[in-house]
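Chemist: For the sequence shown, UniProt numbering begins at 1 and goes up steadily by one.
These are calculated hints, taken from the structure and not from any lab test. Any given hint could turn out to be false.
Said to hold, decoys possible - Cβ pair distances, simulated, as ranges:
no., residue 1, residue 2, range
1, L161, G209, 47 to 55 Å
2, I169, G296, 20 to 28 Å
3, T164, R212, 54 to 62 Å
The beta-carbon is built from N, C-alpha and C at its ideal position, and this holds for glycine as well.
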Amino acid sequence: MSTAAQNPAPEHPVPPSSAAPQRPAPRIVPPVVLDRVPWKRVGLFVLLTYVIFALFAAPFWFLPGGIANPFFTLVIAVGMWAPALASIIMAKGVERTNWRTRVGLRFRGRWRGILAWSVIGVVAIAAVILLSSVVMVLRGVPGDLTGGTWLTVGTQQISDLTGTDIPPIAFVLIMAINLVFGLVVTAVAALGEEIGWRGWLWPALRPLGRVRGALVMGVIWALWHTPVMAIGYNYPGVARFIAIPFFILPCIAMSLLFCGLADRAGGSPIPSAWAHSAVNSLGSTLIGIVSTTATGAALNPLIDTQAGVVGVVLLLIAAAVLVPWRARRPIVHGLPSAPVPSGASDSAPLASEPAPSAPGSGRIEG
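Could you put the whole structure together from the sequences, leaning on the hints where they help?
Modeler: Okay, here's the thing in structure tokens:
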């Protein structure tokens with residue numbers, strides 16, 4: 001039998017020109033660290049976040065009620081994604097790199113660490129709020145450290161609202177469910193901030209060292225809130241010329257803690273988003289546990305809350321315990337194996353890989 005008979009030609013041969021093109025193998029991104037702060041990019045990122053957020057806040061400078069307007073919470077929750085949007089613009093339009101990799105949203109092999117440090121972050125913030133509340137009562141603000149007043153008054157309020165007498169345990173369960181629901185909903189908005197601050201900005205500021213980087217980030221983050229703080233957000237009853245600069249202190253302390261949580265989770269901003277959510281959503285409820293009807297009038301927001309002096313001290317203590325001060329390797333920008341789209345340009349790399357023999361390369365300066 002002839003060779004042609006053994007291997008007959010196909011009835012409909014595919015023209016060479018119509019053959020499916022072969023995709024090039026994805027390029028592997030090596031571990032990289034910044035050896036200096038890209039200040040121009042940082043400045044552009046900050047400008048974008050400020051402008052975008054100010055656009056969301058601007059209507060409430062003129063609408064009736066200001067921060068009490070019924071649309072304020074919803075609109076500002078969307079506006080909290082301004083840092084994430086700025087990070088997309090920077091990664092895609094300026095740095096020409098993969099956005100998810102750049103901001104630490106690669107999860108393969110990191111889920112356990114992300115989950116563990118998210119829980120630890122929430123617990124740490126809850127502890128800070130509860131301890132600041134205890135200090136508040138110990139320093140003379142009216143309160144009830146047994147929680148009895150909160151339980152009695154709260155149970156009666158729910159009973160009046162429902163028209164049915166409920167047991168105290170039912171009130172506790174209702175509050176627990178409400179607490180978890182508020183934490184989850186607030187985390188969605190907080191993630192928008194954390195993708196920008198801890199995901200994009202923190203790696204850019206790392207060459208400054210951990211403490212100086214947190215100082216710079218704290219100032220940037222605090223002043224970003226100015227469009228809403230100028231109309232009464234945070235520190236109710238406190239003059240704005242005091243409240244706005246004072247807010248820098250808790251933002252520095254939270255930056256130190258939140259950046260540490262991100263580093264612990266391999267560069268992921270998710271644990272810091274949960275901790276951020278805890279700061280925003282747990283405060284009033286946890287302070288309420290040790291409060292009486294006279295607490296609100298006597299409480300000083302510059303001292304007694306998680307954003308007051310006591311809270312700042314406790315946040316710094318939490319950071320001292322949880323931050324990886326002795327880490328020997330800096331967190332890279334995403335997983336080393338994360339593929340970059342074939343169209344991505346290498347013309348504007350985030351950083352160069354440090355020489356292995358460089359003294360001190362790979363250390364995190366505290």
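Chemist: The structure should be examined with respect to each hint, and the outcome stated for every one.
Modeler: Taking the hints in turn, this is what the structure says about them:
{"no.": "1", "hint": "L161 with G209: 47 to 55 Å", "result": "holds (52 Å)"}
{"no.": "2", "hint": "I169 with G296: 20 to 28 Å", "result": "holds (26 Å)"}
{"no.": "3", "hint": "T164 with R212: 54 to 62 Å", "result": "holds (57 Å)"}
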